[in-house]
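Heads up: the protein sequence lines correspond to chains B and V, in order. Note that our numbering has the first sequence beginning at 909, numbered continuously upward. Note that our numbering has the second sequence beginning at 7, numbered continuously upward.
Everything labelled a hint here was simulated from the structure, so no lab data went into it. Treat the hints with care, since some could be wrong.
[Claimed, not checked] Pulled a few chain V residues facing chain B out of the computed Cβ check, cut under 7 Å:
{"id": "1", "residue": "H211"}
{"id": "2", "residue": "V212"}
{"id": "3", "residue": "G221"}
[Unchecked claim] To spell it out: a stretch of chain V is covered by chain B in this simulated footprint if at least three of its residues, at any positions, have a beta carbon under 8 Å from a beta carbon of chain B; those stretches are:
{"id": "4", "segment": "222–232"}
{"id": "5", "segment": "235–242"}
Beta carbons are placed, not taken as given, at the ideal position from N, Cα and C, and that holds for glycine.
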Amino acid sequence: MRRQSHDMFNASAIPDDLSSIATVLDPMLPGDWRSMRPVVDREKCVKCAVCWLYCPAQCVVEKPRWFDFDLAVCKGCGVCAFECPHGAITMIEEAA
Amino acid sequence: MSEVTNFPRVVVCEGNEAAAIGVALSRPDIIAVYPITPQSSLVEHLSQMVASGTLQTDLMQMEGEHSVMSALQGAALAGGRTFTATCGPGLAFMFEPFIRTPGLRLPMVCVLVTRDVLSPQTVWGGQQDAMITRDAGWIQMYCETVQEVLDTVIMAYKIAEHRDVVLPVTVCSDGNYLGFGVTRVEVPDQASVDAFLPSPDVNWHVALDPDRPMGVDPLTGGARGIGPRTFVRYRKGHCRGMQNALRVIEEVHAEWADRFGRRHAGLVEEYKLDDAKYALVTIGSMTGAAKNAIDAAREKGERVGLIKVKTFRPFPLAAMVTALSKVDAVGVVDRAVAFGWNCGPVFQETLGAIYRTGRGIPAISFIGGLSGADITEDHFARAIAMTAQALVGDRRDGPIWLNESD
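Let's have the full structure, built from the sequences with the hints guiding it.
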């Protein structure tokens, strides 16, 4: 579990049936619920960075010869595949 | 009764000013308001007190009631004692943050200067606005007199902030009849109120506080994992707080009587009930005229009494069962309509209490005082006579509309 910037205080003295409060950060990143994922054809990618420009989740990461995606953050929207001028990105279904 | 050490000053004022005086004596940290008839003069009195320096608080006039309660949620989460007042359409506009406040367990106090609900277009008194929100999760207390409005505002803070309760309170003051009704009022002295009310105890459990970082009101519930049982835990906690309030309200009213010499019934008042064969059930300011009608009927030999509901939420079931067990018929007078049951809301709930007495006594629903109409002693005399008829078998379906032929 990722921690917040502050150490959390000890909430055990607070009754657990009053206000609903959270003292543990649950990141719930888009990768936990994505239904489609982008796959890059490294032969076709020319690193033009159009996907990097368009990605709403800012999950495009640079590799030596191609661009790839941080799949913990990618929400599977497919904008990159739609916009790629070289047809280098394909959306495939996540395994059930 | 223990020795009364309070040194009151006596003023003549309307109910809205009495409420404002009660607020000032309770020393709130923040007041957020938006004026709306018939509550507006309450806001004006508070503004005057702040302008003249007799009330040291931040008074925010917001752009609307939704912002009023949202601002107060932030203030309460930061630890402030908060106050607002509204009614009718203003309460309707406030509804979204209003229903969130008790679930957040923020002990606010709100005076509802009750107003009937449009349409038809109305700016006058009635309890429909308050009754619509009767299951919003707030504590609701209905006052009989201007003096009781002042006293109940102060008591409401003690009830709301009690650690066994931790819930917001609406103090219902009948629009026009109490809000604009001018009477003699005793104002307790500040030192006595300070001794009665503890310093604010608001956000010990939930807070916007960098020293206690927490997520406030995260997504809770759903169909899987810990969701269902977590959500139920909070709902049960809310209900427990409401039930605890029944005890705390009586304790606080008893302490008020000891300190200030005025004994208001906290939950249910029984008036001339012990030897009564039948009774009226009333709520709010109508009770004064109803008591006069009871006295007049008794002079004619009628064995009739009265049951006044002060606290409607939480519903004082045990106190109502005790009172209803003493009589063989009741006539319940409402100042609002339960549309789904074709009767008044207090009548509807009195039926539930009658079931718990184990005796199916006859009961009649009377509805009066809508949209500013007066419920006079004559109306109550009619209600008393019809309830006496129910006692001997004349049962009626459907409500009696008291002002129908006015």
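Going through the numbered hints above, which ones does this structure break? Give me the numbers in ascending order. As far as the earlier hints go, not one is violated by this structure.
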